[in-house]
Structures are given as structure tokens and as C-alpha cells.
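S.K.: With these hints in hand, go ahead and build the complete structure from the sequences.
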Amino acid sequence: MSILKHNIKRMILCFIVLTAIASPAQSRETVVLKLDDAILKALNNNSQTKIAKMELTKANAAVKEAFGYALPTVDFSASLSHFLSVPKMPFPDFEAMLNNYTYKVLVDEALISEGDAKYRDMSNSLQSFTLKNNYEAKLQVTQILFNSAVFRGIGASEIYRQAAEVNLQNTAAKTILDVQKAFYGILLAKEMNLIAQSSFENIENHVKSAQAMFQQGLASEYNVMQAEVQLENFRPMVIASENALKNAKEGLRIVLGIGDDVDIDVVGNLEVIDDIGNDLPNLIEKARKNNLDVKGLSKKADVDEAFIDLDVSEYWPSLVAFGNVSLNGASDDFNFLHYNSSMVGVSLSINLFNGNRTRQKVEQSTVSMLQTREQVNNLKDFVAMRMKDKFNELEQVRSTLSSQERNVDLAQKSYSIAEVRFKEGTGTQLELLSAELQLRQARANRLQSVYAFINAKADIENLTGKLSEEYINLIMNNNK
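Note that our numbering has the sequence shown beginning at 1154, numbered continuously upward.
None of these hints come from the bench; they were simulated from the model.
In this text, all values refer to a predicted model and were calculated from it rather than measured experimentally.
Positions of the beta carbon are idealized from the N, C-alpha and C atoms, including for glycine.
A portion of the hints provided could be inaccurate.
Said to hold, decoys possible - List time: in silico BS3-like cross-link candidates among lysine-lysine, alpha-carbon distance up to 27 Å:
(1) Lys-1194 <-> Lys-1610
(2) Lys-1187 <-> Lys-1211
(3) Lys-1402 <-> Lys-1343
(4) Lys-1619 <-> Lys-1439
(5) Lys-1206 <-> Lys-1194
(6) Lys-1194 <-> Lys-1334
(7) Lys-1361 <-> Lys-1566
(8) Lys-1610 <-> Lys-1327
(9) Lys-1619 <-> Lys-1203
(10) Lys-1610 <-> Lys-1334
(11) Lys-1334 <-> Lys-1619
(12) Lys-1541 <-> Lys-1334
(13) Lys-1327 <-> Lys-1211
(14) Lys-1241 <-> Lys-1285
(15) Lys-1619 <-> Lys-1327
(16) Lys-1541 <-> Lys-1327
(17) Lys-1448 <-> Lys-1533
(18) Lys-1448 <-> Lys-1610
(19) Lys-1206 <-> Lys-1334
(20) Lys-1285 <-> Lys-1334
(21) Lys-1619 <-> Lys-1187
(22) Lys-1533 <-> Lys-1187
(23) Lys-1619 <-> Lys-1442
(24) Lys-1187 <-> Lys-1402
(25) Lys-1619 <-> Lys-1541
(26) Lys-1541 <-> Lys-1343
(27) Lys-1610 <-> Lys-1541
(28) Lys-1194 <-> Lys-1343
(29) Lys-1448 <-> Lys-1334
(30) Lys-1327 <-> Lys-1448
(31) Lys-1399 <-> Lys-1610
(32) Lys-1217 <-> Lys-1203
(33) Lys-1442 <-> Lys-1327
(34) Lys-1194 <-> Lys-1399
(35) Lys-1533 <-> Lys-1327
(36) Lys-1439 <-> Lys-1533
What the hints assert, rightly or not - Pair by pair, the computed Cβ-Cβ distance ranges are:
(37) Pro-1434 <-> Lys-1361: 56 to 62 Å
(38) Asp-1190 <-> Asn-1443: 22 to 28 Å
(39) Glu-1385 <-> Pro-1434: 51 to 57 Å
M.R.: See the structure below:
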């Protein structure tokens, strides 16, 4: 009975362990992506793109804020106050003043004699002219009629918005470039893994053939051992290619902003589409003019120039119209006496002297703008240099692609011949292994060249500021 209970416990424990192991595997989802799918997902999820979108949203809000300064300002205020102790102030004694004036009139009219007049000494006494309870409700409207800073600020905010828009496009273009390289990196890793597995299978088949020939007395034991050693020596290369594929997928996952709970795979082809052309001067001119880094820095220079205008605007006067309506009341016992008032007017203000601070601010802003312009020129030269480098890289790959295609065909034929010769006993094992190595290298070299061409082409398109309208519309619509 105890043995039965022990077996039941072991079965339950095994079931729990198997369930725990199987559950994560069942919950993982595999997403298979084409290049366009990967790009769209990255534009929606990539953190750098999200930050650039937020910056554009902030710039749009800044434009609306700048327009708001040109609109009327309407303020309402209300207050209710109660004096715990009514304020008083020294003031002449009204009773004494009235008394003395009355007697003076009587004397002047000869109704009484001067001696009968009872004048009182004039002195000040503390008197209150305020009731204990007071309220006020006030509505005030102000409208800027002229303020150079406000009008310049509207233009500056629009330039800032344009700069944020270019920055978003630039970030999107870099994200697309990262996606392309990561995507094709996976395709390359998959092809390299297939080559490694194919070579491993070829060596395995060769080991089996060597063992069969040894059994028939057509090959020596040394040949069999050499083939087996070659097989085991190649096994780590297969594992390394599998790890390289995993790392490539992990790199794309990071660019796409996908969590670890989803497996990703890609479908596509490593193929050469040569539509760049051979006109290097034209490509350099396009890069200097359309490169998004250059455009972004040029917009920053425009923003710096707008700041100069903002600083200069402090020299100009400000003219503001205003008007208000107020309702007031006062009482000692909340039986208020109500009254209202209204007023309109204009105010003019202009700075006459502020210690030359405005002039120094203008000078600082001017220097900042000139510095940015110099940075733009330096960046254009750097972009031109990068274009030359990538174009030369593309030309180098172009010159080797056709020969590598032929080299793969020759290596395949050479391996087939070596395999037949070895089976017939007219070729050596070393000859076969050498042919297999040459075939593997030829395939790998061709794939590396295709990948290098795709990367160089993507870099050139990025340098020239090429960005699909579809992607521009996507990022702009998502930001509305």
C-alpha cells in the first residue's frame, strides 16, 4: 500500500513538473515579419521614435501657446472681506469745525456778539471711513495691440515645430536603417546557419561513406578517424551559427521594441537590387542638400536666428488695451450698499535703459546662430565624405559579386567531382574535405558580399535623406 502511495506521489510530481515546463512554451507566440511589417512595427514601438513624436507634440503645443499670447486675456476675480478691526486715520475734528463755522456765521450776521461765540479748539481725531464688510466682483479684458516679442514668438514657435518635424523624420529614417540592417542580418545568419548545417550533413555523409568503404576494405581506418575528427571539429561551428542567428533576432527585437514573451522570425530574400547608379557627384550633392541630419541642424540654425529677433524685440514698445467692469458692496451688517464701476484704457511701455542687457543678449544669440551655421557646413563636409566612403564600398562589392556567383558554381562542381572520385577510389579524403571547405567559403563569401551591398545601399539612401512617403504619413498621422 505504501509503495502504491509513493508511486502516485511520484506521478503527481512528474505531472506538475511537465506542466510547468510546457506552459511557457505553449504561451509563447511566434511573430513572422516581412521587412515592411518590421519597419511599421518599429515606427510604432521604438523608444527613440516615441521620444521624437513627443517632441513634435510639444512643439505643436508651443505653436498654439504662442498664438494664445496674441489673443485677448479675460480674467475674473471676486473677493469678500470682513474687518475684525476697522482701520482708522487721523483727521480734523468735524464737530469742532462745524461748531466754529456756525458761530462765525452768527457773528458775521450780527446775531450774536463775538464774546458770546463759543469756539472750540481744532484738533485731529482718529476716524474710520470703512465699513466692516466689503465685496468685489471684477471682470477684466486685456488685448495686446502691439508687442514685437509676441509676434516674433509666433514665427519662432513655427520654426521650432518644423525642426521637431525634421527631427522626427530623421529619427524614423535611422530607425528604418537599423531595422533594415537587423532584418537582413537575420536573413544572413539564417543562410550562414543553413550553410553550416549543409556542410555538417556533407561531412556526416562522408563519415558514413568512409565507414562503409572501410567495411568493404576500400578505405583505411585512418581515413575513417580523420573524417570523424573533421565532423566533431565542425560541430562547434554549427552551434556558433545557431547562436549568431539567436543574437541577430534579439537585435531586431530590441529595435522593434518587442517584449521577451514573443519569438520573432523573418521572411525575405538576400538579393541585390542595384538602382543607386554611378553618378557620385550627384549623390554627394543630394546628400549635402537632403540629408536629414543636415536639415535638422539647419532648422536649429533657423531657430537660433528666430531667437535673435526675439531678443531684438525687447527694444520695441508694448501697447496694450484694457477694460474692466466691477460690482462692489459694503456694509456693517451685511445689508450691503451696492455700486458698480467700469473703465477702459490703453497702456504703453518701453524700456529706456536696462544696463545694455538686451544688446548683450542679442550678441550672444548671434554668436550661437553663427556657431550652428558653421556646424552645418562641417556636417555637410562629413556627409560628403561618408557618401564617398559608402559609394566606394558599394563599387567594391559590385566588382566582386559576379565573380563570386561564378566561384560558387565552380566550387559546387569541384565538390561534386571530388565526391564522385572519392567514392570511386580515385580521389583522396583530403581532396574531398578541401573541396567541401572551398564550397562553404564560396557560399559564405557570396552571402557576405550581398549583405554588404544591401547595407551600403541602405546607408547611401539614408545619407541622401530618402524616406518613403508611406512612412512619413504614418509617423505624422500617428502624432495627430
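S.K.: Okay, which hints does this one fail, numbers in order?
M.R.: Numbers 2, 20, 22, 26, in rising order.
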